[in-house]
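Residue-level listing of the chains:
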Amino acid sequence: MCDTCGGHGDDHAHPHTHEHGQGSHTHTRVNLDPAEASVLSANSRTAERTRQELAKRGIMMVNITSAPGSGKTALLHSTLSQLEPGSVAVLVGDLETDRDAARLHGLGAQVRQINTGKGCHLSAAQVAAGLDQLKLDGVETVFVENVGNMACPSDYDLGELARVAMLSLPEGDDKAAKYPGLFAAADVVLLNKVDLASVLPFNEDLLRQDLARLNTRAPLLRISAVGGQGLEAWVQWLQAFRTKALAQLVRA
Amino acid sequence: MHEMSLAVSLVRRVEAEAAKAHLVRVTEVDVQVGTLQAVEPELFSEAFKAASLGTRAEGADLHLTSVHAEASCLICGENYEPQWADFQCPACGLAEPQILQGRDMVLAAVSGEADQ
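Residue numbers (the numbering used here), protein chains in the order written: chain A, 1 to 252; chain B, 1001 to 1116.
So here's chain A without its partners, still in its complex pose (with noise of 0.2 Å):
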C-alpha cells in the first residue's frame, strides 16, 4: 500500500513517485472507455464476425442450449433425418467424449466434436475453429450443438442467427423460472419428450406463465424428438427464421 497518499480510492487518480525501500515507483490509474472495455468484447467481437461471414454465404447457424439429458442429441438425430444431408453440418460441443459425434454420423452431415475440457460452455473462438474444419460449400444450417448447461452457455454469444433453448418433461415444469437467462435469450423455446404427458405430472401452464415473464418473442414447440411428435413444425419454424433472419441481417 501506498503510505504516501494513504489510499486507492477514486481520488487516486495522480501519478506520483515515491520511495518504497525497494526503489522508485510511479503509482498510475488507468481509467477506460467504456465503450471499448467490455470483457466479453474479444468474443463478441469473434461471434458478429461468424454470423457476417455465414450470413454472406447464406448459412444460419443455430446454437441449442439445455440442460444434459433434454435431447440435444436425439433432436439433432431426428432433424437431420428431416433435412438435404449435404445442408447441413454440425459441431457437438462437449466437456469429454466424442460420443455425441459419433452418434450423428451417418446421417449424411458433416459433424465435428469439440471437446472443451474443464469448459462449461462453447465459446464464439471455438466455434470459429470448429466452422474451419467443415466445407461449408451447399451448406444451409449448421447447429452447434451447445455443452449441456442451463447457466453458463447464455451469456455467450457464438455468431449465431438462432438460439434455441430446450426442457424436456422429466426435469420439471419450473426449469424457465429457474434459469430465465436461458430462455430470454431464446428465439425458440422447445419443450421435448411430451410424450411422457401420461406418466410424468407437468404443469404446462406454469411454464408458460414463466416464459411470459421472460420471452413472449420466442413460440414454444412441443416435440418429441425420439417419437417424432411436432418435429414438422420444429423444421418448419428453422425454414421460416432462416429466411427472416438472414433477409434481416442482409438489409442491416
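Hints were generated in silico from the structure; no laboratory data involved. Where hints are given, some of them may not hold.
Unchecked claim - Part of the chain A face toward chain B, derived, beta carbon under 10 Å:
no., residue
1, His25
2, His27
3, Thr28
4, Pro34
5, Ala37
6, Ser41
7, Asn43
8, Lys118
9, Gly119
10, His121
11, Pro153
12, Pro180
13, Leu211
14, Arg213
15, Leu214
As the list claims (entries may be wrong) - Calculated lysine to aspartate or glutamate pairs in the EDC-like style (CA-CA distance at most 16 Å, straight line):
no., chain 1, residue 1, chain 2, residue 2
16, A, Lys135, A, Glu53
17, B, Lys1020, B, Glu1113
18, B, Lys1020, A, Glu36
19, B, Lys1020, A, Asp33
20, A, Lys244, A, Asp187
21, B, Lys1049, B, Glu1015
22, A, Lys56, A, Asp137
23, A, Lys178, B, Asp1086
24, A, Lys178, A, Asp210
Here a beta-carbon is modelled for each residue, glycine too, at the ideal position from N, C-alpha and C.
Using the hints provided, position chain B relative to the given structure of chain A.
Same frame as chain A, but now just chain B:
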C-alpha cells in the same frame, strides 16, 4: 457459474492495459457488472485471485460495481429496467426487450505501480 472463464478474460484485459501503461504491478481493478450478467461476486473474486496468479494482477484488490439494466420494448417502445428473472414491459406486458445495458462486464479502471 462461468466465473472462471470471465475471470480469465478479465485478467487478460488487465494485463493488456497494464502493459500499455507500463505498470509492473497492478494494485486495483475496477469492474462494472451488469445485473443481467450471471456473476456471483464472491465466486468471481475467488476466480479472479486464481486467474491472476503469476500475472501482474496477482494480489490486486478487485472492486465490483453493479450496473442496472436498461431495455427498450421492441413492441411499444417503452424504456424500462428489466430484472434478472423478469423481462416484462410495464407498459404493454410483453417480454420482447432490446437490452441496452446490463448484460456486460466492463473493466472500468486499472491502478498500479509503474517503473521509473
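Which numbered hints fail: Those not satisfied: there are none.
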